Amino acid sequence: MRIRRHRRWMAPVVAAAAIGLALTGCTGDIAEQDAADVDCGPYEEYGTFEDKAVTVAGTILDLEADRLMEAWADFETCTGIEVDYQGSSEFEAQIAVLAEGGNAPDVGIVPQPGLLARLATGGWLIPASEAVEANVDEWWSEDWKQYGTHDGTFYAAPLMASIKGYVWYSPAEFEEKGYEIPKTLDELNDLSATIAGEGEHKPWCVGLESGDATGWPGTDWVEDYMLRLHGPDVYDQWVTHGIPFNDPQVAEAFDAVGEVLKSEDMVNGGIGNVSTQVTEAFQTAGLPILDGECSLHHQASFYETFWNPEGGDEVTVASDGDVFGFLLPPVNADDPLSVTGGGEFPVAFRDAEEVEAFRAFLSSDTWANNRVSLGGVISANTGVDPENASSELLTQSIEILQDPETTFRFDGSDLMPGAVGADSFWKGIVAWVTGGETQQVLDTIESSWPAQ
Amino acid sequence: MTTADLLGKLLQVVMGLAVFAAVVGLLIFFIDKAPKKGRDYWQLTFFLLPAMLFIAVGLVYPAIRTSLLAFQDPSGDWTLANFVWTFTQPAAIRTLINTIIWVLLVPTISTAIGLAYAVFIDKSRGERYYKVILFMPIAISFVGAGVIWRFVYEYRGGDRDQIGLLNAMVVAAGGEPVQWLQTDPINTFLLIVVMIWIQTGFAMVLLSAAIKGVPTEQIEAAQLDGTNGWQRFLNVTVPGIRGALVVVLTTISIATLKVFDIVRTMTAGNFNTSVIANEMYTQAFRASEVGRGSALALILFVLVLPIVIYNVNVLRKQREIR
Chain C
1 MRIRRHRRWM APVVAAAAIG LALTGCTGDI AEQDAADVDC GPYEEYGTFE DKAVTVAGTI
61 LDLEADRLME AWADFETCTG IEVDYQGSSE FEAQIAVLAE GGNAPDVGIV PQPGLLARLA
121 TGGWLIPASE AVEANVDEWW SEDWKQYGTH DGTFYAAPLM ASIKGYVWYS PAEFEEKGYE
181 IPKTLDELND LSATIAGEGE HKPWCVGLES GDATGWPGTD WVEDYMLRLH GPDVYDQWVT
241 HGIPFNDPQV AEAFDAVGEV LKSEDMVNGG IGNVSTQVTE AFQTAGLPIL DGECSLHHQA
301 SFYETFWNPE GGDEVTVASD GDVFGFLLPP VNADDPLSVT GGGEFPVAFR DAEEVEAFRA
361 FLSSDTWANN RVSLGGVISA NTGVDPENAS SELLTQSIEI LQDPETTFRF DGSDLMPGAV
421 GADSFWKGIV AWVTGGETQQ VLDTIESSWP AQ
Chain X
1 MTTADLLGKL LQVVMGLAVF AAVVGLLIFF IDKAPKKGRD YWQLTFFLLP AMLFIAVGLV
61 YPAIRTSLLA FQDPSGDWTL ANFVWTFTQP AAIRTLINTI IWVLLVPTIS TAIGLAYAVF
121 IDKSRGERYY KVILFMPIAI SFVGAGVIWR FVYEYRGGDR DQIGLLNAMV VAAGGEPVQW
181 LQTDPINTFL LIVVMIWIQT GFAMVLLSAA IKGVPTEQIE AAQLDGTNGW QRFLNVTVPG
241 IRGALVVVLT TISIATLKVF DIVRTMTAGN FNTSVIANEM YTQAFRASEV GRGSALALIL
301 FVLVLPIVIY NVNVLRKQRE IR
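Chains as they are written, first to last, in our numbering: chain C, 1 to 452; chain X, 1 to 322.
Incorrect hints may have been included.
Derived contacts from chain X toward chain C, CB cut-off under 7 Å, selection only [unchecked claim]: (1) Tyr-155; (2) Ala-172; (3) Gly-175; (4) Gln-179; (5) Gln-182; (6) Arg-242; (7) Asn-270; (8) Phe-285; (9) Ala-287; (10) Ser-288; (11) Glu-289.
Because the hints were derived from the structure by calculation, they are not lab data.
Computed from a predicted model, the values in this text were never measured in an experiment.
Glycine included, C-beta positions come from ideal geometry on N, C-alpha and C.
From just these sequences and the hints, can you work out the full model?
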């Protein structure tokens with residue numbers, strides 16, 4: 001009896017001890033970085049703090065998140081502010097709920113101006129401090145500042161950027177077959193027709209599958225054509241509902257895209273017929289170019305990292321390498337350069353000195369250069385040295401963004417209300433590619449636009 | 001995370017448990033000390049209080065708030081626009097139709113298969129093992145099942161090797177691969193198969209237990225009357241397990257009305273496969289149309305309510321008979 005009772009106590013104690021020991025294996029005792037090793041000169045203006053922490057949340061994950069944290073590591077060491085980042089793919093769905101419940105992080109890295117507007121309307125955002133605004137006035141174009149502004153109040157500076165509308169190709173194939181990089185949309189169509197006519201393979205490869213966001217790569221196509229066919233003013237009216245979604249000008253852009261996406265002669269190189277676009281993941285859709293089964297692939301500058309799906313640098317991205325990209329050309333060769341793109345905005349939910357110091361740092365050229373040097377991304381910050389970028393394509397992208405002559409427009413679906421930009425536009429693209437009539441699809445999207 | 005962090009967290013857990021034990025202990029202590037007069041009343045109040053509190057905070061308050069939100073536009077004005085949207089938009093109507101298809105097919109088919117299986121393996125050798133086989137999918141989460149079945153239906157274009165089981169079989173038989181999950185309307189039915197696969201085991205286990213509860217005397221009496229197997233099943237067994245059948249049917253109906261995980265992981269509601277629960281999430285959180293999401297939640301609630309009431313009624317009647 002005595003022994004039995006004894007055992008009854010022993011089991012949980014032993015189990016707890018074992019679990020405790022096992023869990024210590026999960027911990028890594030990281031030594032604090034020594035401030036003496038860091039040149040704190042550029043960080044002096046942000047001051048020093050004692051025991052202050054800033055929590056940050058966003059959609060950025062894995063390797064990109066590691067680089068993000070590395071880019072502000074020196075800031076933490078020099079100012080004494082501890083920055084705690086949490087990435088989640090559900091961030092966009094949850095941030096408004098968290099904000100409403102008063103549980104938002106100090107800083108949220110919002111990837112869509114539309115979401116920023118919604119959070120601002122809810123009254124949860126802290127306007128940007130003077131230091132942030134001064135940085136933006138100094139380093140960014142007026143266009144970019146507008147995307148961080150809602151109802152005349154400036155809330156956040158842009159963080160990073162990407163350029164949409166690149167057409168990826170194989171420089172070797174182009175040289176071998178004597179193809180020229182097209183300078184107008186007509187030339188691009190001629191090139192597609194030539195490749196299709198030669199009959200070796202279909203010219204374009206397209207992938208629209210992206211889990212619950214399936215269809216979004218198609219919205220980038222339409223946005224690029226809207227901006228090039230009708231110019232920035234009509235584009236702005238389109239995204240702000242100044243013209244209805246089923247306007248003839250929008251239909252024209254859809255039909256121009258349809259020349260490729262809805263044509264059995266044009267897609268889907270190396271993958272199958274037109275309907276395979278909705279089953280092919282956007283991450284892998286460009287890869288048939290490497291096997292010579294497809295010649296052209298439309299995707300943003302960030303696709304650079306997808307060419308080596310296993311990591312490493314087997315596939316070189318360069319104008320004399322395995323793949324490279326050209327910007328989707330304008331209607332006329334001498335039209336001003338117009339590009340669509342994306343970016344993130346660190347908005348603040350807590351009014352505190354350390355939060356604003358952190359945000360001021362994020363809007364500075366110091367941070368932008370730090371982050372761009374680590375590779376994979378670009379920034380529209382004019383203080384960035386394009387040579388810091390990790391590749392020829394990204395250097396070129398930064399130069400495009402910094403050029404005052406460039407007309408930049410934000411990805412339209414990110415500016416539209418969520419019901420359209422994150423739902424019916426995507427679904428509309430899927431329905432349209434799989435056989436829907438243009439007008440009918442546009443009418444459906446138009447009717448989903450929330451009444452204001 | 002450092003060892004110090006870990007120790008801190010462990011300490012927090014221990015502290016939490018200790019506080020919980022202390023509160024419960026105190027509660028019981030005070031109930032014990034309650035005045036003799038009306039002691040039952042005091043005890044009842046005290047024991048019900050925590051549960052009531054949680055229900056009020058976690059169920060009643062959100063339910064009322066959701067109902068109010070369903071009748072508001074984003075700026076907070078009263079409107080019926082959310083319901084107009086639900087019953088006029090082609091995409092939203094399709095969502096309602098799909099939900100009806102789901103709730104008609106899943107409970108009936110999984111109960112029918114579960115019942116047939118239970119009858120056939122009844123009193124057979126190795127009954128236990130047959131049961132385990134069919135019961136296993138229950139242990140798999142809906143998300144897990146969705147991921148597994150998405151691979152089964154996977155499609156590869158062109159001449160590439162099919163990695164999906166179903167298409168591999170089609171190709172081996174000399175056919176053309178099909179985009180199962182992208183082809184409307186077959187995709188909805190293929191999703192329904194997944195739900196049936198999960199729920200049949202549940203139906204089988206409950207019905208099998210009920211069949212064993214049917215008195216042998218009744219079966220033997222029927223046998224003496226010269227009935228065949230089918231007649232015995234229809235006129236003796238089925239009436240004998242009516243209560244269990246109702247419970248199984250209603251439980252699966254409610255689970256089906258709420259289905260979200262399978263649709264979300266397999267098609268995310270694309271290609272006309274969306275159902276109310278999935279659309280509710282999409283509208284409320286991704287499209288930031290809280291009103292539309294709440295309206296869908298309210299519709300779902302109204303649909304589930306009669307089933308719950310019916311279920312409770314049947315159970316109460318049975319208790320009265322006993």
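Against the structure, the hints:
Restraint check, Tyr-155/X versus chain C: the minimum CB separation of about 5 Å is within 7 Å; hint holds. Violation of the interface hint for Ala-172/X is found here, the shortest Cβ-Cβ separation to chain C being roughly 19 Å, above the 7 Å cut-off. The interface hint given for Gly-175/X is broken, as the beta carbon of that residue sits about 15 Å from the closest beta carbon of chain C, more than 7 Å. For the restraint placing Gln-179/X at the interface with chain C, the shortest Cβ-Cβ distance is roughly 6 Å, inside the 7 Å limit, so the hint holds.
Because the beta carbon of Gln-182/X sits about 5 Å from the nearest beta carbon in chain C, less than 7 Å, this interface hint is met. Checking Arg-242/X against chain C: minimum C-beta separation of about 42 Å lies over 7 Å; hint violated. A distance limit of 7 Å between C-beta atoms decides the matter here; for Asn-270/X the minimum to chain C is near 5 Å, and the interface restraint holds. Against a cut-off of 7 Å between C-beta atoms, the interface hint on Phe-285/X holds, since the closest Cβ of chain C lies about 4 Å away.
The criterion of a C-beta within 7 Å of any C-beta in chain C is met by Ala-287/X, whose closest approach is roughly 4 Å, and the hint holds. With 7 Å as the threshold, the beta carbon of Ser-288/X comes within range of chain C, its nearest partner Cβ sitting at about 4 Å, so the hint holds. Using the Cβ-Cβ criterion of 7 Å, the hint placing Glu-289/X at the interface with chain C is satisfied: the shortest such distance is roughly 5 Å.
Of the numbered hints listed earlier, those contradicted by the structure are 2, 3 and 6.
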